[in-house]
Structure formats: structure tokens, C-alpha cells
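These protein sequence lines are chains U and P, in that order.
Everything in the first sequence is counted per numbering that gives the first Met the number 0, starting at 0 for the first residue and increasing by one.
Everything in the second sequence is counted per numbering that gives the first Met the number 0, starting at 0 for the first residue and increasing by one.
If you are wondering where the hints come from, they were derived from the structure by calculation, not from laboratory data.
From the three backbone atoms N, C-alpha and C, an ideal C-beta is built for every residue, glycine too.
Among these hints, one or two may not hold up.
If we take Cβ atoms under 10 Å as the criterion, some of the chain P residues that face chain U in the derived model are [to be verified]:
| hint | residue |
| --- | --- |
| 1 | Arg188 |
| 2 | Arg352 |
| 3 | Glu359 |
| 4 | Gln360 |
In silico negatives: residues of chain U with every beta carbon more than 10 Å from chain P [unchecked claim]:
| hint | residue |
| --- | --- |
| 5 | Pro67 |
| 6 | Leu98 |
| 7 | Asn252 |
| 8 | Asn272 |
| 9 | Arg302 |
| 10 | Arg394 |
| 11 | Ala425 |
| 12 | Thr464 |
| 13 | Val466 |
Think about it this way: if two alpha-carbon atoms lie no more than 27 Å apart in a straight line, the pair counts; the simulated DSS-like pairs of lysine-lysine are [to be verified]:
| hint | chain 1 | residue 1 | chain 2 | residue 2 |
| --- | --- | --- | --- | --- |
| 14 | U | Lys136 | P | Lys187 |
| 15 | U | Lys52 | P | Lys194 |
| 16 | U | Lys207 | U | Lys136 |
| 17 | U | Lys16 | P | Lys407 |
| 18 | P | Lys194 | U | Lys2 |
| 19 | U | Lys207 | U | Lys245 |
| 20 | P | Lys32 | P | Lys48 |
| 21 | P | Lys49 | P | Lys309 |
| 22 | U | Lys164 | P | Lys194 |
| 23 | U | Lys16 | P | Lys48 |
| 24 | U | Lys164 | P | Lys187 |
| 25 | P | Lys32 | P | Lys11 |
| 26 | P | Lys309 | U | Lys52 |
| 27 | P | Lys371 | P | Lys407 |
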Amino acid sequence: MTKIIVNGREVEADPQKPLIAACHDHGEHVPHYCYHPGLSVVGSCRICQVEVKQGEMPARVVAACRTPVAEGMVVNTESQGAHDSRRECLEFLLKNHPLDCPICDKAGECTLQDYSFQEAQAEGRTSEPRRTLEKRKDLGDVILLDQERCILCSRCVRFMDEVPKSPQLCISGRGSDSVVETWQDAPLTGNYQGNLADVCPVGALTLKDFRFQARVWNLTRVPSTCSECSRGCSISVEVLRDGEVKRMRPRPNEDVNGYWMCDHGRFSEGELNRSDRMGPAAMRNDAGELNQADPDDALRVVRNLLSIQSNALFLASPYLTLEEGEALSQLARSCSTQAAFFSPAANDLGDDVLHTGDPCPNRRGLQDAGLKPMDSEAWAAASASADCVILVGERLLDMLGEEALDGLPSAQRLVVMECRTSNHPAVDVALGVPNRVERSGTWINVDGTAGAIRAARSAPQGVRTIVDLLANLTSASSQPEEALSS
Amino acid sequence: MAHETYLLDRSKLANSHTLEVARADGAYAALRKVFESSMSPESVVEEVKKSGLRGRGGAGFPTGLKWSFMPNHESDSRTRYMALNADESEPGTCKDRILMREDPHCLIEGCLIAAFAMRLDAVYIYVRGEYRLPYDRMQSALDEAREAGIVGDNILGSGYSCEIHMHKGAGAYICGEETGLMESLEGKRGHPRPKPPFPAGFGLWGQPTTVNNVESIFNVPFILARGADWFRTMGTETSPGNFLCGISGHVERPGVYEVPLGMSARAIVEDLAGGVWKGRSLKAWFPGGSSTGVLPADMLDTSMDHDSVKAAGSMFGTGAMIILDETASVVRSALILARFYEHESCGQCSQCREGTEWQEQIINRLLSGRGKSGDVELLVDLSNGMFPGKTICALSDAAAIPVLAAIKHFRGEFEACISSPEEVLA
Numbered sequence: 000m001t002k003i004i005v006n007g008r009e010v011e012a013d014p015q016k017p018l019i020a021a022c023h024d025h026g027e028h029v030p031h032y033c034y035h036p037g038l039s040v041v042g043s044c045r046i047c048q049v050e051v052k053q054g055e056m057p058a059r060v061v062a063a064c065r066t067p068v069a070e071g072m073v074v075n076t077e078s079q080g081a082h083d084s085r086r087e088c089l090e091f092l093l094k095n096h097p098l099d100c101p102i103c104d105k106a107g108e109c110t111l112q113d114y115s116f117q118e119a120q121a122e123g124r125t126s127e128p129r130r131t132l133e134k135r136k137d138l139g140d141v142i143l144l145d146q147e148r149c150i151l152c153s154r155c156v157r158f159m160d161e162v163p164k165s166p167q168l169c170i171s172g173r174g175s176d177s178v179v180e181t182w183q184d185a186p187l188t189g190n191y192q193g194n195l196a197d198v199c200p201v202g203a204l205t206l207k208d209f210r211f212q213a214r215v216w217n218l219t220r221v222p223s224t225c226s227e228c229s230r231g232c233s234i235s236v237e238v239l240r241d242g243e244v245k246r247m248r249p250r251p252n253e254d255v256n257g258y259w260m261c262d263h264g265r266f267s268e269g270e271l272n273r274s275d276r277m278g279p280a281a282m283r284n285d286a287g288e289l290n291q292a293d294p295d296d297a298l299r300v301v302r303n304l305l306s307i308q309s310n311a312l313f314l315a316s317p318y319l320t321l322e323e324g325e326a327l328s329q330l331a332r333s334c335s336t337q338a339a340f341f342s343p344a345a346n347d348l349g350d351d352v353l354h355t356g357d358p359c360p361n362r363r364g365l366q367d368a369g370l371k372p373m374d375s376e377a378w379a380a381a382s383a384s385a386d387c388v389i390l391v392g393e394r395l396l397d398m399l400g401e402e403a404l405d406g407l408p409s410a411q412r413l414v415v416m417e418c419r420t421s422n423h424p425a426v427d428v429a430l431g432v433p434n435r436v437e438r439s440g441t442w443i444n445v446d447g448t449a450g451a452i453r454a455a456r457s458a459p460q461g462v463r464t465i466v467d468l469l470a471n472l473t474s475a476s477s478q479p480e481e482a483l484s485s
Numbered sequence: 000m001a002h003e004t005y006l007l008d009r010s011k012l013a014n015s016h017t018l019e020v021a022r023a024d025g026a027y028a029a030l031r032k033v034f035e036s037s038m039s040p041e042s043v044v045e046e047v048k049k050s051g052l053r054g055r056g057g058a059g060f061p062t063g064l065k066w067s068f069m070p071n072h073e074s075d076s077r078t079r080y081m082a083l084n085a086d087e088s089e090p091g092t093c094k095d096r097i098l099m100r101e102d103p104h105c106l107i108e109g110c111l112i113a114a115f116a117m118r119l120d121a122v123y124i125y126v127r128g129e130y131r132l133p134y135d136r137m138q139s140a141l142d143e144a145r146e147a148g149i150v151g152d153n154i155l156g157s158g159y160s161c162e163i164h165m166h167k168g169a170g171a172y173i174c175g176e177e178t179g180l181m182e183s184l185e186g187k188r189g190h191p192r193p194k195p196p197f198p199a200g201f202g203l204w205g206q207p208t209t210v211n212n213v214e215s216i217f218n219v220p221f222i223l224a225r226g227a228d229w230f231r232t233m234g235t236e237t238s239p240g241n242f243l244c245g246i247s248g249h250v251e252r253p254g255v256y257e258v259p260l261g262m263s264a265r266a267i268v269e270d271l272a273g274g275v276w277k278g279r280s281l282k283a284w285f286p287g288g289s290s291t292g293v294l295p296a297d298m299l300d301t302s303m304d305h306d307s308v309k310a311a312g313s314m315f316g317t318g319a320m321i322i323l324d325e326t327a328s329v330v331r332s333a334l335i336l337a338r339f340y341e342h343e344s345c346g347q348c349s350q351c352r353e354g355t356e357w358q359e360q361i362i363n364r365l366l367s368g369r370g371k372s373g374d375v376e377l378l379v380d381l382s383n384g385m386f387p388g389k390t391i392c393a394l395s396d397a398a399a400i401p402v403l404a405a406i407k408h409f410r411g412e413f414e415a416c417i418s419s420p421e422e423v424l425a
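Let's have the full structure, built from the sequences with the hints guiding it.
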């Protein structure tokens, strides 16, 4: 490590990283556009100017992203010279910027906006006509490009080149004619396009999916973990006013996903916003209709079922957390059996970037909790011979397919703890549960790294947590007399 | 006023570009001397250092010192290159063209001596795309030299081998910037690279590389043949030798003249170039190409060497003088240059991409009678925001300097565009 002094404080800096990284690591923010810690350094936006003094040489203002750290270097990120250089740079960047912040999705998290407030003079001095370029350039299914807003930092070009290693974007034209585009306007392809909207420091590359959906300052951001494969990328779940999940974005995590996530995970919010949510509980009445019920009544019925049935099958959704898996494992043991989790077949999305192709985000965690994996075939065999089937957790009905319930023996009892409603005639008792953005817990990813999921919004009124429901059943099954007498 | 010459002597011979004529005139004698006197590469570098030769590409950096930046060949076994910068594109500058066209063998000899001194594996000559005849002459000289065993394996039986490759540029000024040139040679867009790392450590394809100007290398055979002490008899203490002054603009006899460094600009204009044309008087002059700040007529007694021109508030650059007579508009000349830099900016850095365009827009407005009060101050302010050292390469500096110099010495002309626009339009 190299010792340098940043704003009067001696700090240790990694000699492999540029000066700007040392400043950021120690909480001294240096404005930047083209610099991104996950991409190669080009040093072209020239805003990260700081004052550096080395040895006897007079202090000078340098671009922090292109300056290596050197022992004893004295850095002042707040000198007048540094601020003046940044202000000048911003004035150039704003000269042709359309200033359409009021209709820009990036407003509120745009660093051009932020730094302009921090550094720039309030009034522009240009009276020249601004460059007019394409405002709505379609770059495929995911991304829309506004060339007028672009500040040509080339992060997007480098992202495509370096992360999915699929060079599709380029800066064409020279000087003030430079624009970002794809070769012959071909649409972008691949599973990592969404990251382009994240790396873009301005509103040039925006998600079609998020276009005019929300002002970002109205979103609540909760750190969580992606559910769509066993990589378990660290993400931020962004919810509008305790309602819809509007956006999911990667959260930096060097051990798991770096700064990125795939589009498959990013755009999985549709499932979370579905309207057919299951209420607290439902039971089938004598007339054969599934009616809303009090969850305590429903739990009592399940407890009775478990105390009578000798051959119960407990099948967990692959989205159950480690804690929920342990609770289910305990319940199964109290019924003298081993719980299983549904192990969906691998999909063809696996790549050498992030996606593992295994749709189960908590395979390792559920195995650690004592659950055995069960594929479709094993499920078909086991469910045919069970007296009673307890399905626990979100998306399980969709993964099994409701038609899988068609052939269940008629005498068999079926209890479903799901996020969504089901009118399948085989269902005897249904209990609503929170989905993965409404509860907290732990998933263990493919490499054994723990990732926390956290509740980003409230579950539907009256819906209890899975751990709560399972604990209720377990305490009853381990003390059957008390349970039966109540 | 006779002075000793050497750079253009051979080019006065008929067919000076052929091996036969060049050899008869002593071409490759210096190279042979280096080999036959068993000089070590280090002693060649030492001799060039001793000569005080300064780079003729614009920055005036000592050539021998630059060579000594190449890493030690024993501790660094990577391939070593030189990129010879023949992408002469600076408005006003036209000296390398003559050298390549008239005396390509001397340049090849210089390349080989430099290659031997730095223990290079190959030399790339990056020629401006528009220079068709110079390119063809260089190429046929190279073919002749290769045929004669002077280029390639076992040069002149010395055991030393070095290949020289030609490359034709595609018309971008920025490819004359040393790192832009390397990117271009690698087949990429000519986008200059940030420094550090410097070319000596990380150059062409990431290998140790030195980038030299044509005229700098052209001086090398003379230094080796006649000695550093001889070289120092010409020019000044800090800028020894002769240089090629390409003088253009409003003079009677524009052209490329060989003069010793330190000769007064007045002597060059009046004695060599025949004075300002049409009997007019001088208004302003650029000392060394379009990127060097314009100077007023009363500074014409400035000596043409690096330190003196710097002291006068401009830069020696490539020593390519551009002369403006009393009828010329400094504002219009500023517009022509601003247009040039706006067109040639690669667009990477914010300051240069936007600044060059803004300069051009403002000066254009001034000249079309739409100037506003405050425009000159804005022009000064924004130009100051473009340099020094605020961008990856010096193109931004090169765009800002002439505008600032023009305003410094001729502010009244700029302000007149605002106060009396009708006169400007007339």
C-alpha cells in the first residue's frame, strides 16, 4: 500500500488503482463521468480534476483517474484550482446539453445535474444554438438513446466491449460530430443491456421499461438479492410508494456481481407486481368452493391434517430463504419425514459473465437447511403416493404447473402456501405468503456466499410470514395433545 | 549573409532521391562509420545528446534525452519500435515533405542510426496521406536500400537487423499527435492516449516505442558523420543546428529555407523570403505553425530559436512562419484556425470537443456582424478553460493559444467587430 495525504488526512492507497479510487475509498468524492471502477480508464471527460503536490514540484491540477498514486503525494480535492477546472469542464459539457431535466428519467440521479449544482455557475453563457440530434433512437428491446443528452463519456461502449465482451456500440463521427451508435443501427442484443442505463451518467441511455414510470426521488431503495439464478447478484429493489416494484438495479459487490446484473434478473419485476395476490387464507367448504378464511382457522385445519396423515410431502419453493428452509425442515422432522425443495431444470441463459443457468437462487442454502432437491419426475412419483401435500412458497404452482395437480389422488389433501391465488379443485387449504420483496432472509449462492433479501414493501394485509406459519404448525405437531385440545 | 547548410544540400542535386545519387553524395557513410568504428548504441545516444539536437516536431524536446528513456534492453526484452512521425499536418508546416521527397535516403539512414542506438526491432514511418509523391519516393528509396542490403537483415554486414515499414495516414491531423499516431498505426481510431504511461514504456502494441519527427531524425546522420561539436557551431547554445523554416503567407518568396536556429525572424522574412509582398507592411506573424500564438510586427526582431520565441510569449513550434500583411484580418485568420481545430478535434475530451466548436461559433458571429458585448471576454475565458494540460493531448492547447494570442495583441480588431459590425461586413 502507498501512503498519500488526501485533504490533510494520511490514507493508504492501492498502488494498482488510480488516484480517484483512493479518494473515493476514503470518502472524498471526486466528480467523474468517464471513470467507472468496473471499466477500463480512458480519462476523457476531464472533470475529475484535483490538486496534487509531489515533492518539490509546485502543486498542479491533474485528472485523478489518470494519475497513479505515489508515496507522499499530497492531494487536495477541494482547492480553488480544482473547483475552477471542474466548473469550466461542466460549462463545456452543458453547452450543448438540452437541459430537459423535467422530462428526463435520469433527473434526480444524474451526475451532470448533481455536479452542476455543486460546481457550476448558475447561468450558462452560451447563446449559440444547441446541437440537435436524435432524441429517441431505438437501440433494441431494452434501451432508448437520446443523443442530445449524451456527454460522450464512452462508458457504454467500454461496458459492451469489456463486460459481456460483445462489442456493439461505438462512438462514430469526430469532434463535435461524435455520437454513440450501433453499427448500422442494428438493435442491441444480449442479456446485459440494462446495465447500459446504469453506467450512463446522464439520461442518454434509458430503460424502455422504466420510461416515464416514476421520478426517482419517489422510489424507496432497499438492498436485496436477485432471485433469477444461483449467482444471487446484489441488487437494489426500488418501490414506488409501498406499491409496485418499479426497478431493480445491481448493487456493487466485488465478491458476487461486481457492478452488474443480467436483464433476466433486472426485468423480473412483473411477477412481483401481479394483481392476483393471495389473501391471508382460504379453505374449501362443504359445497366444494374455495372461500376466504381466517388464517388461524386454516392453520388449525392444517395442524389436524398433519396429525392424522402418516405420509405427508413437504415441498418448498426454490425461493425459500435459509431461515424458512430451516423452519420447514423442522416441521417435516416433527412429522417424521424430510422436506424437499423443487429443483427446476437448468435454463439456457447460463453464460460466463454472471448468469449460472440454475434458476434456484438458494440451492446451497436449502440443502444446508436439510431439504433435498426434487425435480419434476421425483415430484410426480412422490406426490402420487403421499396422503397429504404441503406446497410452501412463491411461484411453486407456476413452476410445477397447475396441470401437475390434476392427477393427484382424490383422497389426498393439498395445502398451498403461495403468493398468488389458485382455483384448482385439488387445493383444500390455501395460505397467502409474502413474496421475495416483502420478506427478509438469506439466500446462499452458487459459491456459498450469503446474500440477504430484505422486505422492500409491505405484504398484503393480514398475510403472515412463512416462518411464522411454519413455526405455528411445528409447535402444534410437536405438541399434538395441546394442539388438538385447543 | 551566407551560413553553413547541410539539410538541403543534397536535394539540390538532380535525382537526389535515388540511391545512386545519394550514395555518391555520401549517404549511408554515417551509418557505415557507426558500424565500422564499433560505436556502441549507448555512445550513439551520447553523441546525439551531446549535440543538443532538439526535436523539430513542435515541442523542442532534446532528441538524445528522449532516446535514453527507452528501457534497458537487458532488463526488458520486449520488442522495441520507433514510429517516425511524417504526418506533417500543422497548417503552415511543410518541411518534412521536402526532406522525404528530395532526400529519402538520408531519412532512412537517420532511422537506422536511431534504431541501432535504441536497439530497435522495427521502425514505422507514418506518412501523411496527402503526401503521395513523398510517400512514393520514400517507398522506392526503401526498396532500393533493402535491395542494397541497407535495410532488413544484417545491415551492411554489421550483424544488426532492423526492418522499416511504411504506413499511409488517412487524413486526420490528430494522428500526428504521438499517441494518436500509435493508435492509428495499430489500426484503431486516432484517439490520443492519456500519459502516463509514456510511449517509451508502453507504446506501439504496448511495447517500448519512441516517436520522432522526420526533421529530427534527418539531422542524425550529419551529427554522427561530422560530430556533435560541429553541430554546435550552428544555432544557439540551447538550440543548436540548422532548421528548415517553411515560410508562407504574404511574402514575396514563400518556401522552405534552411537557416541556423537563432536567426532573427526579420532576417528570414526580409532577406530570404523577399519581404512582405506587394510592398505592404507587416501586421502579424506566426512563428512556428498555426498552433503557436501570433505575434505583432514590432516583435519581428525575435530570434528564431526555442527559448527566444518562448520569451516573446509564443512558441517556436515547427519553425513554420506564417506572415500576415497589413490588409489581413487577424479575426478572420483566427476563424480559419478555429475552424481547423474544430474539425480536427478527436472529440474525446469535453474541453476540446465543445471548446473548439464554441470558439468557432463566437468568432464566426463576430465576423458576420452578430457579435455581442462580452463576446471577447467570453472567448478569453473559455479558451483559458481549454488549457494548459486539462486534456489528454495538446490539441486543445493548440486551439486555445492562437485565439488568446490574437486577442492579446489585436484585441481592438475583435472589439471593432462588435462596436462597428457594418465595417466588418463591408
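A quick look at each hint next to the structure:
1. About 8 Å separates the beta-carbon of Arg188 of chain P from the nearest beta-carbon of chain U, less than 10 Å, and the hint is met.
2. Taken as an interface hint, Arg352 of chain P checks out: its beta carbon lies about 6 Å from the nearest beta carbon of chain U, inside 10 Å.
3. With its C-beta approaching chain U no nearer than about 9 Å, Glu359 of chain P sits inside the 10 Å limit, and its interface hint holds.
4. The beta carbon of Gln360 of chain P comes within 4 Å of a beta carbon in chain U, closer than 10 Å, and the hint placing it at the interface holds.
5. The Cβ of Pro67 of chain U does not lie farther than 10 Å from every Cβ of chain P; its closest approach is about 7 Å, which violates its non-interface assignment.
6. At roughly 15 Å from the closest C-beta of chain P, the C-beta of Leu98 of chain U stays outside 10 Å, upholding its exclusion from the interface.
7. For Asn252 of chain U, the condition that its CB be more than 10 Å from all CB atoms of chain P holds, with the nearest at approximately 29 Å.
8. Even its closest Cβ contact with chain P, about 40 Å, leaves Asn272 of chain U beyond 10 Å, as expected for a residue assigned away from the interface.
9. Every C-beta of chain P lies more than 10 Å from that of Arg302 of chain U, the closest at about 69 Å, which supports listing it as non-interface.
10. In this structure Arg394 of chain U is separated from chain P by more than 10 Å, as the shortest Cβ-Cβ distance comes to about 47 Å.
11. Look at Ala425 of chain U: its CB is around 64 Å from the nearest CB on chain P, clear of 10 Å, so calling it non-interface holds up.
12. With a cut of 10 Å on Cβ distances, Thr464 of chain U stays outside the contact zone with chain P, its closest approach being about 52 Å.
13. With a least beta-carbon separation of about 53 Å from chain P, Val466 of chain U lies farther than 10 Å from that chain, consistent with its non-interface assignment.
14. With a C-alpha separation of about 26 Å, the suggested pairing of Lys136 of chain U with Lys187 of chain P holds against the 27 Å cut-off.
15. A hinted pair counts as satisfied when its Cα atoms are at most 27 Å apart, and Lys52 of chain U with Lys194 of chain P qualifies at roughly 18 Å.
16. Using a Cα cut-off of 27 Å, the hinted pair Lys207 of chain U and Lys136 of chain U holds, with the two alpha carbons roughly 11 Å apart.
17. Restraint check: the Cα-Cα separation between Lys16 of chain U and Lys407 of chain P comes to about 42 Å, which exceeds 27 Å; the hinted pair is violated.
18. A hinted pair counts as satisfied when its Cα atoms are at most 27 Å apart, and Lys194 of chain P with Lys2 of chain U qualifies at roughly 23 Å.
19. Of the supplied pair hints, the one linking Lys207 of chain U and Lys245 of chain U holds, its CA atoms being roughly 12 Å apart against a limit of 27 Å.
20. For the hint linking Lys32 of chain P to Lys48 of chain P, the alpha-carbon distance of about 18 Å falls within 27 Å, and the restraint holds.
21. Using a Cα cut-off of 27 Å, the hinted pair Lys49 of chain P and Lys309 of chain P holds, with the two alpha carbons roughly 23 Å apart.
22. Distance hint between Lys164 of chain U and Lys194 of chain P is fulfilled; the C-alpha atoms sit about 26 Å from each other, no more than 27 Å.
23. For a cut-off of 27 Å, the pair hint linking Lys16 of chain U to Lys48 of chain P is broken: about 36 Å separates their Cα positions.
24. For the hint pairing Lys164 of chain U with Lys187 of chain P, the CA-to-CA distance comes to about 18 Å; that is within 27 Å, so the pair holds.
25. Between Lys32 of chain P and Lys11 of chain P, the direct Cα distance comes to roughly 24 Å. Compliance with the 27 Å bound is thereby established for this hinted pair.
26. Of the pairs offered as hints, the one joining Lys309 of chain P and Lys52 of chain U holds, with about 26 Å between alpha carbons and a cut-off of 27 Å not exceeded.
27. The suggested pairing of Lys371 of chain P with Lys407 of chain P holds, with an alpha-carbon distance near 19 Å, which does not exceed 27 Å.
Of the numbered hints listed earlier, those contradicted by the structure are 5, 17, 23.
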